[in-house]
Amino acid sequence: MQSAGMESCMTSLVYKGSFEQVLNRKIQISADALSQEIGGETVILDLASSTYFGIDEIGTLIWQMMKAGKSLQAIHADILSQYDVDPAILEKDMLGFVEQLKSAGLVSVVQNQ
Amino acid sequence: MTGEKLTESQQQIDAMLCRLLKGESLSWPYGDSNQAQIELFLERSSVHGVQASIWTSLQPGSWPQVIVEQLHKASLEAASWELAHRHALVQVLSGFAAENIGYMLFKGTALAYSFYANPVLRFRCDTDMLVSGYSKTKAEKLLKGLGFECSSPAEELVYYQQSWRLNSSHCGTHAIDLHWKLNNSEVLANLFSYEELRARGDEVTICGVKTFVPCKVDAVLIACLHSAGHEGIPYLVNGNSYLGGSRLVWLYDLHLLISHFSLQDWHDLTERAVQKGLGNTCAVILDRVREKFSTVMFLDGLEILASDKDGKATVYLDSGPIMRMWLDITACGSWKAKLAFVQQLFFPSEAYMRQKYASGSQWLFVLYIRRSIEGIYRRLHAN
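Going line by line, the protein sequences match chains A and B.
The opening position of the first sequence corresponds to residue 186 in the numbering used here, with each subsequent residue numbered one higher.
The opening position of the second sequence corresponds to residue 19 in the numbering used here, with each subsequent residue numbered one higher.
Derived from the structure by calculation, the hints contain no laboratory data.
Hints may be right or wrong, so weigh each one.
Derived coverage of chain A by chain B (criterion: at least 3 residues anywhere in the stretch with Cβ under 8 Å from a Cβ of chain B; other residues may be distant) [to be verified]:
#1 209–216
#2 233–247
Dumping the calculated DMTMM-like pairs for lysine to aspartate or glutamate here, alpha-carbon to alpha-carbon at most 20 Å [said to hold, decoys possible]:
#3 K91/B - E222/A
#4 K327/B - D305/B
#5 K91/B - D271/A
#6 K40/B - D305/B
#7 K91/B - E276/A
#8 K156/B - E117/B
#9 K91/B - E226/A
#10 K23/B - D50/B
In this text, all values refer to a predicted model and were calculated from it rather than measured experimentally.
Cβ atoms here follow ideal geometry from the backbone N, Cα and C, with glycine treated the same way.
Extracted from the complex, chain A is given alone in its bound form (with noise of 0.2 Å):
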């Protein structure tokens, strides 16, 4: 999503590791970050940096899951039974956002389940 004063979290960066590397790690939110959703798109806020974020549905729908609580194995296994698409791709493109959000700061990733 692009808008005036706000950052893309959607583009795709390649994670620097592997997916399995990560695949079942929990992603945790930092407590910096703000979040709100309105019409399928969220908004986020970091307090740490005063600056503020936008993501896309489908971003959207990955941050929820992530603030939910499930790991990146199990939001992969739900989108893929919601959506038609090349699971490679849908890894790549999370890898791509995780990484993003990482370098924002908004999330770490932290254990192994």
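Given the coordinates of chain A, work out where chain B should sit on it, guided by the hints.
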């Protein structure tokens, strides 16, 4: 109350906004190149405070790109505002709870978190808090301690509210309107006390913090009082002044509230409205709601409300500005209070004038003349 005089185009656009708010699936009827209608649609949706609400029910493919983009932008801005405002608000509410200061939220924020599917959809610029007069000093101290600054000097006989602003590097500027009476008019100020609203109030949770809001029936009475009050007092949108109580965001609040009404609620509403002298005021406003949103209403209840035409509050709200002023003066108890009221109304204290017109003339009488001219100008130029 007569409502605003609108052009035919404005009426058509307003009717479209109502249909969108009701969730109807509409297409743009004027053609993508009709710039005048596009601009009017954007202006009216902004004036009515409903851009984020209608964005969520719009079918983007059948609307001009410029409208889709503007409403999308407005809804993201509203979400951004909500995030930052809620962050500031939660600190205030937690502070009030920690200090054991009784308070209630009312109007916009109270309704946003009680009756809207998403608080972002209820446009507002601040949060209204009501405290008991006994807690006012403690509340002021707490807000000051949290970094808020009071931007309106209190003139207790004329105003029963203060605007407190927080300028935060994280979140921008956010305002809390602190009220210790529900209304600034002398006639209406004591219609509802904090204590009675709190006793009947409902609990809501905002980000884990428990808070109180008026019950449905009181919320309807307050919303009617607020809308009717703006028949005589202009409100500002994007720096422009507007007069009238038919702003759609307020009427839609009432639509949502009434949609949750039971027969018992209608019984309580008619009884309380008549007791407060607000019967016909409520009937007129609720009739507008029914006309705009086809809200299902208890018609016998509306008839009872409409038959109460002589209530003190209704007489006041139906009056013009000069009569309202006179009624406010007569509502002051003693002659001393009446004189003090008149003095503060026409000749506020020097400290107030110096603060309000910090960059103005050094001569106080010039500032009084400037204030009078501004007041007349605002009233004459209200849309």
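Status of each hint after checking the structure:
Counting residues of the stretch 209–216 of chain A whose CB lies closer than 8 Å to any CB of chain B gives 0, so the stated coverage by that chain is violated, three being the minimum. Against chain B, the stretch 233–247 of chain A contributes 3 residues with a C-beta closer than 8 Å to a partner C-beta. That satisfies the three-residue criterion, and the hint holds. At roughly 14 Å between alpha-carbon atoms, K91/B and E222/A fall within 20 Å of each other, so this suggested pair holds. With a CA separation close to 15 Å, the supplied pair K327/B and D305/B stays within the 20 Å bound.
Straight-line distance between C-alpha atoms of K91/B and D271/A comes to about 32 Å, which puts the hinted pair past the 20 Å bound. Distance hint between K40/B and D305/B is fulfilled; the C-alpha atoms sit about 16 Å from each other, no more than 20 Å. Taking the CA atoms of K91/B and E276/A, the gap is near 30 Å; set against the 20 Å cutoff, the hint is violated. For a cut-off of 20 Å, the pair hint linking K156/B to E117/B stands: about 8 Å separates their Cα positions.
Simply put, K91/B and E226/A have alpha-carbon atoms about 12 Å apart, close enough for the 20 Å limit, and the pair holds. Taking the CA atoms of K23/B and D50/B, the gap is near 28 Å; set against the 20 Å cutoff, the hint is violated.
Hint violations for this structure: numbers 1, 5, 7, 10, all remaining hints satisfied.
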